[in-house]
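If you want the building blocks of each chain, they are given just below.
Number of protein chains: 2
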Amino acid sequence: MNFSSKLLEQAVIEFGRLPGVGQKTALRLVLHLLKQPETDVVRFTEALNRLKQEIRYCTTCHNIADHTICEICASHKRDKGLICVVEDTRDVMAIENTNQYQGVYHVLGGLISPMDGVGPSDLQIESLVSRLAAGGVHEIILALSATMEGDTTIFYLYKKLKDFGVQISTIARGIAFGGELEYVDEVTLGRSIATRVPYERSIA
Amino acid sequence: MNFSSKLLEQAVIEFGRLPGVGQKTALRLVLHLLKQPETDVVRFTEALNRLKQEIRYCTTCHNIADHTICEICASHKRDKGLICVVEDTRDVMAIENTNQYQGVYHVLGGLISPMDGVGPSDLQIESLVSRLAAGGVHEIILALSATMEGDTTIFYLYKKLKDFGVQISTIARGIAFGGELEYVDEVTLGRSIATRVPYERSIA
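Respectively, the protein sequence lines represent chains A and B. Taking full-length UniProt numbering, the leading residue of the first sequence gets 1, the next gets one more, and so forth. Taking full-length UniProt numbering, the leading residue of the second sequence gets 1, the next gets one more, and so forth.
I should point out that these hints are in silico values taken from the structure, not numbers from a laboratory. Built from N, CA and C at the ideal position, the CB exists for glycine as well. Just to be clear, a hint being listed does not mean it is correct.
To be verified - Going by beta-carbon spacing under 7 Å, a handful of chain B positions derived as facing chain A:
#, residue
1, Asn-2
2, Lys-6
3, Leu-8
4, Glu-9
5, Ala-11
6, Pro-19
7, Glu-38
8, Val-41
9, Asn-49
10, Leu-51
11, Lys-52
12, Glu-54
13, Tyr-57
14, Thr-60
15, Asp-66
16, Glu-96
What the hints assert, rightly or not - Result set (DSS-like, lysine-lysine): computed pairs, CA atoms no more than 30 Å apart in a straight line:
#, chain 1, residue 1, chain 2, residue 2
17, A, Lys-35, A, Lys-6
18, B, Lys-35, B, Lys-24
19, B, Lys-6, A, Lys-80
20, A, Lys-24, B, Lys-162
Claimed, not checked - Selected chain A positions facing chain B (Cβ under 7 Å, derived; list incomplete):
#, residue
21, Ser-4
22, Leu-8
23, Gln-10
24, Leu-29
25, Val-41
26, Leu-48
Looking at chain A on its own, in the form it has when it is part of the complex (with noise of 0.2 Å):
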C-alpha cells in the first residue's frame, strides 16, 4: 500500500500484527480512531497498558486475576475440592456462563502441540501436580478442546494424575443439543452411540 504518511503506516503495521486482522481491516480500524476524539484514543490505548502492566494471574489457578488469588479460588461458595481442568481464561468464562459449576478451576495456559512447539513444561502442569498431591481434592474434570492437541494433553494429565485416587472425568461428547443428527459428523455421531447413557441418567 502507498501510505501517504509514516505515523500512518506505522499504525497500521502495529494493527495488522494483530491476529485475523489484514492490512485493510487494519486500515480501517486505525482511520476509526483517527475520527474519534483523542481523549477516545488515549482511553483505549491506557486500558491496553494498564491491562498489560496490572495484571495479575491467581496463584492457585492461574487464571486471569486483578489480586494474587482470584474471585473463584477466594469464594468461600466453591467446591476447592473439585477441579476443572481448563485451556486458558475464555474456557472460565464460558463455564462461568453455564451456571452449572461450583467447582473451582485449573488454568494450563495452553494445550501440548508439538506442531507449535509446546510441551508438558510449558503449561501449568507441575502446580496442578502439587495442587492434588497437597490433598483435598476429590474429582479432576479434565474440559478440554476435542481436538488433537486437546486429546494429547488429556492423555499426558491422566497418566500424571492417575495415582493420586482422585476420580478423572472428561467432559461429555456427542451430538449438540438442538443438533439434527443429519448434519453431525461421522466421528461424533459414532462416538456418541459407543458412549450411549441409559435414558434415566440423561434426564437426570
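Following the hints, complete the assembly by docking chain B onto the known chain A.
Below, chain B alone, put in the same frame as chain A:
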C-alpha cells in the same frame, strides 16, 4: 460475559468499540496482546497515540500527511491542473496503487448523507471551490462510490462547480475486468450498455 478481571473487561470494552469488532473478537485480540512482550504492547499503543497527536492533514488536498503539504501536492511531477475528488484517504491509496494517475487529489472527508446527518458543510467542499477559483485547473474527476451517497455528492458538486468552465468527469462505471456477464447485476449491466464506448476507444 463473566470477566475474572476488571482490567481485562475494560480492555475488551475498548476494543469492542472498534467497528466490526464484537466482544468475542475483542477478547481474542486482548488475550493475544496479553501474551506478547510488554515492549510490543507499548509500541502498539505508542503508534496510536503518536498518530492521533502528530497527524497532519494536507492544507491543499486534505489528505492525511506528516507535514502541512502532502507528498503528492508537493511533487513537481504531478499535474496540478487535474484534480481527482475522493471520499477519503483509502481512495487516494487505491488510485495511487493503479499507477495510472498523474494528477493531484482533493479529499472530501466523507459523502453527503442526510441519513447520517452529513451535509455539504461537513465536507471539504468550500476549499475545493477555492482551488478552482484560484485558476489553473483544467479538469475535475469525481471518483466517488457508486452508491446513493456518492451520486448525491456528485450531483451537488456538479451544480457547485459547473460554472467554472472546467471539464468535470466521473469515473467510468460498468462491468469489472474479469467479470462474467451472467453474474453482473442488472443496473450495472443496463448502464454499461447505455454508456457503451466505441471499440477503438476501449483499447486506447
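Hint by hint, work out which the structure violates, then give me just those numbers in ascending order. Structure breaks hints 4, 13, 14 and 20.
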